[in-house]
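K.L.:
Top to bottom, those sequences are chains A and B.
Okay, so the first sequence: first residue is 1 according to my numbering, each after it adds one.
Okay, so the second sequence: first residue is 1001 according to my numbering, each after it adds one.
It is possible that some hints are incorrect.
Unchecked claim - Chain A regions said to be covered by chain B (calculated; three or more residues, Cβ under 8 angstroms): (1) 220–232; (2) 241–253; (3) 257–266.
Simulated from the structure, these hints should not be mistaken for lab results.
Beta carbons: idealized from backbone N, C-alpha and C, even for Gly.
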Amino acid sequence: MSKNSSLWSDAIYRLTRNKAAMIGGGILIGLIACALLAPWIAPYSYSYQDLDLGASPPSSDHLLGTDILGRDLLSRILYGARVSLLVGFVATGVALVIGVSWGIIAGFFGGRIDSIMMRIVDILYGLPFIIFVILLMVIFGSNLWLLFGAIGAVEWLTMSRIVRGQVIGLKNQEFVLAAKAMGVSNFSMFKRHLLPNILGPIAVYATLTIPQVMLLESFLSFLGLGIQPPMSSWGTLIKDGVESMEEYGWLLIYPGLTFTITLFALNFFGDGLRDALDPKTTDN
Amino acid sequence: MLAIFIKRVFMAIPVLLAVATMTFFLIKLAPGGPFDAEKAVSPQVLKNLNAVYNLDASEWEQYTDYMSGVIQGDFGPSFKYPGRSVTEMIASGLPITFELAMYAILIALVIGVLSGVLAALKRNTMLDFIPMAIAMIGICVPTFLMGPLLVLIFGIQLELLPVAGWGQLSGDKILPSITLGFAYAAYIARLSRGGMLEVLNQDFIRTARAKGLTERMVVIKHAMQGGLIPVVSFLGPAIAGLLAGSFVVETIFQIPGLGRFYVEAALNRDYTMILGTTIFFSAMIVFFNLISDLASLWLNPRSRDV
């Protein structure tokens, strides 16, 4: 370890020594690259149909085979990665914005504001949110942006609790009191003094939220309530695969494998990040 | 303890009322009426239908009517299945979903607690690594993938177990229960391992060992009571998750339970059915959360005074 090591350089050092996390991170970077480059690297378009061919097993023309409509499975998985990862990142972003602001405000002001805000969180915790997401999808139709918003609005609760706890720990420290004494406005207090100090836990929790969000999206798509054809997400691909798994097993195996590997990678990377940023929790 | 109990119960009532109200008016926001079928109905018929289903009353009147019905256990008629009431459909699906959930929780608790406690006791041995690796698989492989894979292996390839149904063929309850329970077994294994590790390092365990108790007594009587609190607190939220899981499992295995009714209602846009089941599910979840909160309070004396 270097002599003048900060929290972050320490964390990066520990992270690079964690093999599982590094492999997970590598897989993630590869996947994100594939998703971004899908229009260029995918051998076919996601909606191109070769009806004469129909469902065919993996071959040199179609590396992962084709579905019943003769669509190239590899291309559909690549394009599906765009939707699945996009949902993962955007919905987590929504959850981050709501959760962090809620937690900072509750923790910083304390007192009655805090107890009202956290009581609201307690109550929301007890509600069947998954049903509300379904309800919203039924009422307003399966709109991609609504899906982002609805999932994000469900996942912010834990984040707000974590942030609140961190802020309460920080707000009586000298540098915050000093900033207060100098008359720093509340907004720049949040931005310059509190937020940078709680980035660690936020980053960790965000990485662990992404797989949950992706699960939720694919769950909805599996039930037919999420992404609608001809667009494909990994959830819709698995749904299609299940419908024809007896005859055409590859249609279930490859999308399922891709999805599972991604979830593994995200979980390992998130766990590694947590251990790296907070060595105390390594035991769990 | 009693004061906390009463306070929690009274907190649940406004929550349920808010959920019911919100759902009711959200459904009203939905585009299109319930009778916008593929073939248009004549205005006269539509008017009669609206009168029969009380849709020509003011929204406030409909709301109060509906709510007073709900309190008496009447969720109104189903729009898509004429002649059947939502209450009837809930009553026919609930026992099946309940049975499925019970088996799943049982599987999850037995496998999860056993392997978690064992992993904590035999830390850093194969008895720790292997179950925890399997648990990681259980967490990463979603139910809607696990179910079809189990069907493919045990139902279609090995032809050991029926691939669908509930209570018609012998053994057709096994695959759905395992599918639903597996992910929870994984979570519970990780939680009980973590909880046990924390407790096993504490002084009172050293004292218990020092006074010559057998290892079995130390683990069962002293360590598990504290170490399993995270599992008990997890069970409340797990009920909500089981519900979502039942949507998937009942769809995959074609089980006529509440979960499949709900998904069908959502796909068919059967608004009264969605409304009724949403309120019903919420009530169940609030109820089970309450129970699990109270159970973990009771298990953890330190939190009783808070």
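K.L.:
Look at each hint and say if it fits the structure.
P.N.:
A quick look at each hint next to the structure:
1. 220–232: holds (count 4)
2. 241–253: holds (count 6)
3. 257–266: holds (count 4)
In this structure, every one of the numbered hints holds.
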